[in-house]
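**Student:** Sequence:
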Amino acid sequence: MSSDFANGLPFMKMHGLGNDFVVVDSRDQNHEISPALAKGIAHRQFGVGFDQLAVITNGAGDAHLTFYNADGSTAAACGNATRCIARHLMSESGKERLHLTTDRGDLAAVDMGQGITAVNMGQPQLDWDEIPLASAMDTLHLPIDGDPAGTGMGNPHCTFFVEDAEGIDLAAFGPTIENHPLFPQRTNVQVAQIIGTDHIRMRVWERGVGITLASGSSSCATAVAAARRGLTSKEVKIELDGGTLDIDWRDDGVWMIGPSAHVFSGTLTAEFLAGLS
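The working numbering puts the last residue of the sequence shown at 263; the count rises by one with no breaks.
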């Protein structure tokens, strides 16, 4: 076990619409997060449980964010976690605007008041090699049964437009698409039902996690895919199992707007961490 964990590992538990996170603040001390450590903390019976783990470090802006999935793999983007951490940093600093950096790139966050935070998730990646896909193809109509659309938001997404999102057996359907050979880095999977030109009902299977109550980057990808197909406007409400996000695809990027919650803070014990090495 790293000596960094001799006194345990402080963390915060947060969620955005039920999409839940363990957040480690490493701005004052370097905490090395291994895949085994991430998987151990992610276990909902033997650890803490999370959809993603996020690490805050010092960066070129107000902070740099790194994300891990529940299976220990990494992700360049996580919209709901970014919004949660932005809210925490705003409360800490008193700032109403933040400049955050991620492996996805630079992200802007804005305090909208009344506990609502907006994050610019950047421009969507629409070319096959940016998502990425296995070979060149039309990303708006992928050659998979169900005619899904492919979108990159710093992580890959595959969106199916369906008549009834509730009628899809996502537990069976999700892993099949996540591991489809068309996606060399696997993919997030969404089933989206168009309610109106400004309203989408969506359920999500997250890469490396499974079914989640919400997903920020999935909401952004679905909004982009729907707008590209002419099914909705560029400003839509995404109704998820855990609540609703507002997505606005503007000239400067895809803005994601919604609430977040800091549920509790705690410390992982040295004994627990030693058992994961």
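Some hints here could point you the wrong way.
[To be verified] Straight line, CA to CA, 27 Å or less: simulated BS3-like cross-link-like pairs of lysine-lysine: (1) Lys(-1) / Lys25; (2) Lys(-1) / Lys223; (3) Lys25 / Lys81.
It is worth saying that the hints were derived from the structure and are not from the lab.
**Student:** Take the hints in turn and mark each one as holding or not.
**Tutor:** Now for the hints, and whether the structure bears them out:
| no. | hint | in the structure |
| --- | --- | --- |
| 1 | Lys(-1) / Lys25 | holds, 16 Å |
| 2 | Lys(-1) / Lys223 | holds, 26 Å |
| 3 | Lys25 / Lys81 | violated, 33 Å |
The structure shown violates just one earlier hint, number 3.
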